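Q: With the hints as constraints, model all of the structure from the sequences given.
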Amino acid sequence: MSDEKKHVEKEVTLKKRHLAKIQKLEAEIEKLKAESAEWHNKYMRVLADMDNARKQNAKDQQYYIKYRAVPFIEKLLPALDIFNHVIREEQEDPVLNNYLTGFRFVYGQLLEALTSEGLQEVVVKVGDKFDENTMHAVEVKYTEEVEPNTVVGVRNNTFKFIDRLIRPAQVMVSTNIKDEPKSDDNVPEINPADLN
Amino acid sequence: MAKKEIIIGIDLGTTNSVVSYRQADGQIKVIPTPEGKPTTPSVVAFKPDGEQVNGEAAKRQAVTNPDTVMSVKRHIGTNKKFKINALKKEFTPEEISARILGYMKDYAEKNLGQAIKKAVITVPAYFNDAQRQATKVAGEIAGLEVVRIINEPTAAALAYGLDKEHDEKILVFDLGGGTFDVSILEIGDGTFEVIATAGDNHLGGDDWDAEIVEWIKQEIEREHGLKLNDKMAMQRFREAAEKAKIDLSQMLETTISLPFIGMGASGPISYEGKLTRAKFLDLTKHLLARVEEPIRRALADAKVKSSDLNQVILIGGSTRMPAVQDLVKKMTGKAPNLSVNPDEAVSIGAAIQGAVIAGDVKDVVLLDVTPLTLGIETMGEVMTPLITRNTTIPTTKSQIFSTAADNQPSVDIVVYQGERPMARDNKLLGHFRLDGIKPARRGQPRIEVTFDIDVNGIVKVTAKDLDTQKEQHITITNSSGLSKEEIDRMVKDAEEHKEADELRKKNVELKNRAEQYINEIEHSLSEAGDKVDANQKEASEKLVTELKEAIEKEDYETLEKRLSELEQMAQMMQNMQQGQGEATASTETPKDDDIIDADFTNKKD
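Protein sequence lines correspond, in order, to chains Y and R.
This note's numbering puts the last residue of the first sequence at 384; the count rises by one with no breaks.
This note's numbering puts the last residue of the second sequence at 592; the count rises by one with no breaks.
Keep in mind that the hints were calculated from the coordinates and are not lab data.
Treat the hints with care, as some may be off.
[Stated by the list, open to error] Estimated spans, in silico, between C-beta atoms of each pair: (1) R/Arg433 x Y/Trp227: 36 to 44 Å; (2) Y/Leu220 x R/Thr383: 22 to 30 Å; (3) R/Ala322 x Y/Val234: 35 to 43 Å; (4) Y/Asp351 x R/Lys290: 54 to 62 Å; (5) Y/Gln244 x R/Thr378: 17 to 25 Å; (6) Y/Trp227 x R/Lys290: 49 to 57 Å; (7) R/Thr383 x Y/Glu214: 35 to 43 Å; (8) Y/Val234 x R/Lys290: 46 to 54 Å; (9) R/Gly417 x Y/Leu220: 30 to 38 Å; (10) R/Ala322 x Y/His273: 44 to 52 Å; (11) Y/Ser304 x R/Gln431: 45 to 53 Å.
[To be verified] Straight-line Cα separation of at most 30 Å, DSSO-like style, residue types lysine-lysine; simulated pairs: (12) Y/Lys263 x R/Lys204; (13) R/Lys156 x R/Lys316; (14) R/Lys156 x R/Lys292; (15) R/Lys535 x R/Lys518; (16) Y/Lys366 x R/Lys75; (17) R/Lys230 x Y/Lys348.
[Claimed, not checked] Some chain R residues near chain Y, calculated using beta-carbon distances under 10 Å: (18) Ala49; (19) Thr51; (20) Lys218; (21) Glu226.
Predicted model, so just to flag it, every value in this text is computed and none were measured.
Beta carbons: idealized from backbone N, C-alpha and C, even for Gly.
A: Structure follows, in structure tokens:
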């Protein structure tokens, strides 16, 4: 075998070896590319999740700050109701009446403080039209004297906090006298406890 | 990236319903109603003009409107028809349920700001095929693809994080507002199976309220000879009763206060009375007795002994009553699991199932957390935490420290791991020294200490002198080398020693504060030299001696007293100085900005 031939052979094997190596490396690159893409995807996903969670968090926080006084005011409402109820009484005794006037002012001050925090009292009067969005019908009165669905008795006023109803006024509502149940078997199937 | 599909979870209840979903961060969140409440009454009504009213508003007008449908769940899967006069039309139970579901879908969409097409809805375990099918149809009428109907107890188990991998037997106890169910669940072979159910369709928290209402009525009659039966008074009784019931879950006694509840012969009548938990128990013992039988029956039907139960889960708001919890505990011999909000558990479980179906859950990248707190030792051998336990890694935290003595040339950074407030009680991870600090008064140099934990849990602690930019670091590779048992023991130790540790820490802090004052006073005296008034000098020196003595004798009581006197005096001096403008300078009073910032690195030379 001539030297030249040997040389060519050597070159061929070398080329083959290089080719194999290139193929191997190319496969490796593909694999790494895929891996990198997968990581990149996961990373972006986590970043997006983080971002969404952060936005949600900010939204939640704003919400809690906005309505933070609500649970406290809800606890005060029963006392406010009674207070309001009592000062609306008119007394014949002038001394008593003077006291009531004073208490009316105190109630006004209390309400003013709560109003500055976002509370709104919506006064409900007899004769108003019943509105289930702001009132709670506790009792019905079968009557012909007024239009059906009219407020005929008020226990307390509606309270809103900013844009939210926190306590509907509890009222008595008129209903068509023709609907009055004649006997027990006609009474609508309502569990009183469901009306809480 | 496009928003991922959300599958909501709906607990469609007899009295109330709840909807939740899985947030981007993996947390399940209950979607609030437009009125800001987590639950909505399962009530639908139609006004005379045909307008539909939902939830709270529907409930509020129920007494005035015969076209109001409540508790429709009791009729689902039957042929019952609801005649709605306003629309001159009859509705099937699934059509009514669809209105409730549609309302919930609507407010959920508004809250999330995206369309919702799919839902998982829960049903009681005892529902038959017809009832399940009708529930599914209701969802479809409402425009929801019901991807799965699951049992309420199964949803509760999911909410409690129980998975299908472990073979377990679970008792789910569900006492709501108006219904009571007990289910025995068997988990194994990758499935949840309800093996027995029992219950009482007309027993719930409202019955407990009714007993209190009755009691109040009788008390008022006994005290004032007045029978109050009008609806307005009853409404106030019910409100007071519910509040009393809730109070008695926390307290042993509650005051029921009903001012101006009625009119008597001599003006308004006010009632105030005390209801004890014992009396409440006595009033409601017949209700509690009605809970016992279904538990016994469910266990017998399932052929399960109470000792075979692995878990007991309580759901439904009425399980907040201690008497109910005690009864369940007595009958099953197991402390019930109470970690999930009982009103929301079923809906949360449905949302988890929804997330699994949507493929979210397997997508979760499991992130590691630091099992124990990492920190360094500071003045008085106190452990100062840099990274608290359960922080998700990788993470970096840094804090600036200073020196504890004048002209301190170096600081020792000693790294500890653990939950105890005194450094020595924790595990020592390593230490190094940063030297070459320029001579300065104590508290002047700024040394930034940074903890960095990489994704593999390797901790690198760096200390850098911010004045000279000189830095030194240590790398700790074995910080996570503790076994689960060791970690648990360390956390438990910290709990057990909490009180004693806190006292020790407080004492050390007192001592540190006293030493700081001594240092300041001595420094001021020596700087002022002869300019100080002799009396003042004597008084100051006496105080220093007293403080030193107290430190020596470890008399922390005296130390605390003297310190608070001193601080009051300093405050007074400062006020006087401000009042007099440039008055007799009392240099012994340390300036405010020197007092605070009490983090000094420990010097051990």
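Q: With reference to the structure, classify each hint as holding or not holding.
A: Hints, verified against the model:
1. Between R/Arg433 and Y/Trp227 the beta carbon distance is about 38 Å. The supplied range of 36 to 44 Å therefore holds.
2. For Y/Leu220 and R/Thr383, the hinted distance range of 22 to 30 Å is satisfied, since their beta carbons lie about 28 Å from each other.
3. The given range of 35 to 43 Å is respected by R/Ala322 and Y/Val234, whose C-beta atoms sit roughly 38 Å from each other.
4. Between Y/Asp351 and R/Lys290 the beta carbons are some 55 Å apart, a value that agrees with the proposed interval 54 to 62 Å.
5. The given range of 17 to 25 Å is respected by Y/Gln244 and R/Thr378, whose C-beta atoms sit roughly 21 Å from each other.
6. Range check, Y/Trp227 to R/Lys290: about 52 Å between beta-carbon atoms, so the 49 to 57 Å window is met.
7. For R/Thr383 paired with Y/Glu214, a C-beta distance near 38 Å keeps the hint of 35 to 43 Å intact.
8. Hint check: Y/Val234 to R/Lys290, Cβ distance near 48 Å, so the stated range 46 to 54 Å holds.
9. Hint check: R/Gly417 to Y/Leu220, Cβ distance near 36 Å, so the stated range 30 to 38 Å holds.
10. Checked against the hint of 44 to 52 Å, the pair R/Ala322 and Y/His273 passes, with Cβ atoms roughly 46 Å apart.
11. Hint check: Y/Ser304 to R/Gln431, Cβ distance near 47 Å, so the stated range 45 to 53 Å holds.
12. Annotation: proposed proximity of Y/Lys263 to R/Lys204 holds, straight-line Cα distance about 23 Å (limit 30 Å).
13. Between R/Lys156 and R/Lys316, the direct Cα distance comes to roughly 16 Å. Compliance with the 30 Å bound is thereby established for this hinted pair.
14. Of the supplied pair hints, the one linking R/Lys156 and R/Lys292 holds, its CA atoms being roughly 10 Å apart against a limit of 30 Å.
15. Pair hint R/Lys535 plus R/Lys518 holds up; C-alpha atoms about 25 Å apart against a cutoff of 30 Å.
16. Between Y/Lys366 and R/Lys75 the CA atoms are separated by roughly 18 Å; this keeps the pair inside 30 Å, and the hint holds.
17. For the hint pairing R/Lys230 with Y/Lys348, the CA-to-CA distance comes to about 21 Å; that is within 30 Å, so the pair holds.
18. For the restraint placing R/Ala49 at the interface with chain Y, the shortest Cβ-Cβ distance is roughly 6 Å, inside the 10 Å limit, so the hint holds.
19. Interface restraint check for R/Thr51: the shortest CB-CB distance to chain Y comes to about 5 Å, inside 10 Å, so the restraint holds.
20. The beta carbon of R/Lys218 comes within 4 Å of a beta carbon in chain Y, closer than 10 Å, and the hint placing it at the interface holds.
21. Among the interface hints, the one on R/Glu226 holds; its C-beta lies about 7 Å from the nearest C-beta in chain Y, closer than the 10 Å criterion.
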